[in-house]
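Throw the hints in and build the complete structure from the sequences for me.
What follows is the residue order along each chain.
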Amino acid sequence: MKWLRPLFRRSAVEREMDAELRFHFDQLVESLMAAGWTRPQALRRARMEFGGIEQVKDEAREARMAAHAERIARGLRMAWRSLARSPGFTAVAVATLALGIGANTLIFSALDQAILRNLPVRDPGRLVVFRSLGTNPGMDRNSGRKMSFSYPKYLDFRDRADVFEGVAARYTTDGSLMYNGATEMINVELVTGNYFDVLGVKAAAGRLLAPDDERQPMHDAVAVLSYSYWQRRFGGERAMVGQKVAINGMAMTVIGVSAKGFHGLDRGQSEDVRVPMTMKSLFTPTWPAGRNRRFWAWLNIIARMKPGLSREQAEAGANVLYHQILEDEAKNLPKGAEDLRDEFLKRHLDLLPAGGGISSTDNTRPFLIELSAMAGIVLLIACVNLASLLMARTAARQREMAIRMALGAGRLGVVRLLLAENLLVATAGGAVALLLAAMLGKPAMALLLSGDATAIYSTTPDLRILTFALCATLLTAAGISLAPAFEARRTQLADILRSETGASAGRGQVRLRKALVVAQVAFCVWLLITAGLFARTLANLRAVDLGFEKRNLVTFGIDPTIIGLKPADSIAVCRRVESAVAAIPGVKSVSFSNFGVSGGGMNIQQIKVPGYVPPHPGDAMARELSVTPDHVRALGLHLLAGREFAESDLARVRTAIVNESFVKEFFHGENPVGRTMLDDGGGLELEVIGVVRDQIFWSQRDEDSPAFYIPNESPAAVSFYVRTSLAPENLLATIRKVVEREAAGIPVMKLGTVEEDLDLRLSTEKQMMRLAGLFGLLATLLAAIGLYGVIAYTVARRTREIGVRMALGAGQADVLRMILRDVAIVIAAGLLLGLPTGFGMVHFVRAQLYNVKPADPWVLSGAAVAIGVVTLFAGLLPARKATRIDPATALRWD
Amino acid sequence: MPSKSDLLQGTLDLLILKIAGLGPIHGYAIAQRIRQVSREALHVQQGSLYPALYRLEERGYLQSQWRETEQGRMAKFYTVTKKGARQLAAECAEWERVSGGIALILEEVGQS
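These protein sequences, in sequence, are chains G and L. Using my numbering, the first residue of the first sequence is number 7, and each one after it goes up by one. Using my numbering, the first residue of the second sequence is number -7, and each one after it goes up by one.
Derived from the structure by calculation, the hints contain no laboratory data.
Calculated from the model, a selection of chain G residues having no Cβ within reach of chain L, i.e. all distances over 10 Å: (1) P46; (2) A90; (3) P130; (4) N186; (5) P217; (6) P753; (7) Q818.
Here are the simulated distance ranges between beta carbons: (8) E86/L x L425/G: 30 to 36 Å; (9) K75/L x L780/G: 52 to 58 Å; (10) F845/G x K75/L: 57 to 63 Å; (11) A77/L x G815/G: 51 to 57 Å; (12) E83/L x L783/G: 57 to 63 Å; (13) G93/L x P893/G: 44 to 50 Å; (14) A75/G x G93/L: 29 to 35 Å; (15) G93/L x G94/G: 41 to 47 Å; (16) K75/L x C477/G: 31 to 37 Å; (17) G93/L x G815/G: 54 to 60 Å; (18) A75/G x E86/L: 23 to 29 Å; (19) E36/G x A77/L: 30 to 36 Å; (20) I409/G x G93/L: 26 to 32 Å.
Quick look at which bits of chain L chain G covers, simulated, 3 or more residues with Cβ under 8 Å: (21) 13 to 21; (22) 63 to 73.
Given the structure is predicted, the values throughout are model-derived calculations rather than measurements. Quick reminder that beta carbons are idealized off the backbone N, C-alpha and C, glycines included.
Here it is, written out as structure tokens:
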């Protein structure tokens, strides 16, 4: 590349120029001396004639640069003119790029923040979180993740482990914060005093918690606000530091604000306020003690490994200590758990990387991955489309290129023109994509993610990702579009010029472009199958038997203990609310329970049933729900046998209603009414008085699981169920007023109809369906454009042939059939390729489907028909144009 | 650039291509040759000659090579490329057309 030389070898070029001018000067002097001048005279004369040597060099340099700039400007001008000549192509190419790149930039930016990016803490690679699988006798507040440990265990690790620089612990819960008379629900994180030190998080204002704060007595309480909560609630007011706020009814001093960008350890969740672990009883009124219980597992433990240690080394070191701890604990196992001793000692401690946060149970993560996969497919289709477009354009311009070459443009010149065109298209596409991502970022994110997550993720388009998407698209497109230019060298220019259509080399390309459309159709099949499967899943989930009557049902939650009430007072408040709400006209019955269908905890208890022998000792577990007597009627449970609870059952807990699964599992399907069971955890002997159909607990996808209901007034965090005879929406305002009157100062949570709440629970599936549908539509549209392009091109190429056929007597129908046969083959091949590979792709989302097989015939045929119709229509347009060819004109066509 | 050199540029390019078309030649010799052949009518300044040479080289009409002169010194010799030859032919034809046209006008007007 000779023209690159001045850029990289400036000094060599300069030296050469010097030498050349010096030579000229010397020659001049010599010739003057030959003419009889003395040397000094000749020198002076030559210098005069030469003018400033530097000036000459400047001008020479300028000439060289001007030639470059001129060439680049000319190239761009030419490219611009040539693009402006085909505005249709330019618009489609730019739009394709903008859509593909815009969608990808947005989604990968979110994915990056949700999954790939580390927490904004010091040296995140050294953070680990503890996990230990296996049996744990005693209570586990966080059973799903196996990441909970007791406080005494935490102290052991903190004080005795030598592989860590620091060990911290945390527990997340709800709370209330009152300031200036307004109370608000907040997310609270109980943390150990060294929490911020271990994580390496700095203060944005004031100071953060220190180990000393953990030793403060209850009456001198302190709290740290998170940056986003500080901004949201207090407008970033610096004077808040040092102020007192009431958290769960207790006055606490705000000592500082944590660093901006640090939301918390759980991905996609943001803690509002952090308070020292010593405040535990304030936030866990139902189990106020427990800090010193060895077998109450409730804390997540986070540790920072010493520098230079690998995770394996740290894990090996930590396990030595862990087994010493277990050996000690095994000496004092709780009653009834002695038989679990061996299992207990086999437990192993895993150190999981926590630099990216603790992977949370929420489903944003797999959702985002699927989303990126779909966006990736759309990008792929956009690439293919652009390549196909450019190829058609290059092919159609073969004659133009041949002429340019014949006129001496040179292969490089032609390539340069194509590159300049691509550059212009890419710049425009990238600019529009950036604009789209910036403008639609917020609303698009809101559409894609559920409410909470939106607030956390920044929607500023990530430039790295934009650049990547742009480059990927461009390289594909450029590679394919430039190929014909190189090929043009090999074809005889004369042949192209002589051939009348100027597209003699088009056959291979048509085949390649058809193959690309086949691939596009296949990609569309994937997306539409996904959309279809989610639509079916959604319909199936909506039709699921909930086990209770969801219509005319209102639910809400209150927790009187968060303003500091004792359990007995709390129960009194709840009973008052219950009877006040029941008195509202249009309300049929009311109950409250420790379990909420719209979220909340539930106890899983060990039970004993006479006549039932568990496969492993201690393996008889069932869900225990505390409910008030009217619950069966209020929730609308289907009573299958026996009776409901009566008010008299409340006096002492000695009755229970069980569900069908319970009967199947523990009573071998026999009628259990009148038989007894033992609630081991609660130490209660219960008589079964009724059987109800299984209800769903967490979600519509619940597996049936044994559960029993006991008549018991739960003291904290209760959910109310209100059965109405009127449309429930109209009663919401009245209910809120009544509750606020009866439970003054206690925030009402999640008030709404159950039907709406259940539907909200399906938002992930709904989003998936909507998105897959949207992407599918986009993809189908792109594929249709691709097919249209190919067929239109074929028709143009065969205009003369079609003219001849028609002149020889072929009818319009024959021509139409001929073209549509081409179209049909492409579509059929695409479907044939897409359907089987689609099953493979669907495999990844199988866990999210419900009662649908990946090979659901309705979904498959639906997707096939949708794509078939759209693409067939796209092919029909040019085919119809072909039938209108006038033979007389076509034969003269050039 | 001033308009004077614009006016001369095309002509100077033509002269350089013509002279270099006869065989490899260095910048100094080109200037000398133009002077001799035009019988001292045309003087080419270094300030015009070298920019023109570089421009022509950049456009691919000339190529260069360092070589020894008869006196045994190293100098940069220019030769005309194929592209340059085509350009020369085209420009010569254009020149002849234009100058022929001008000559005709001068003759016709002089006779009437």
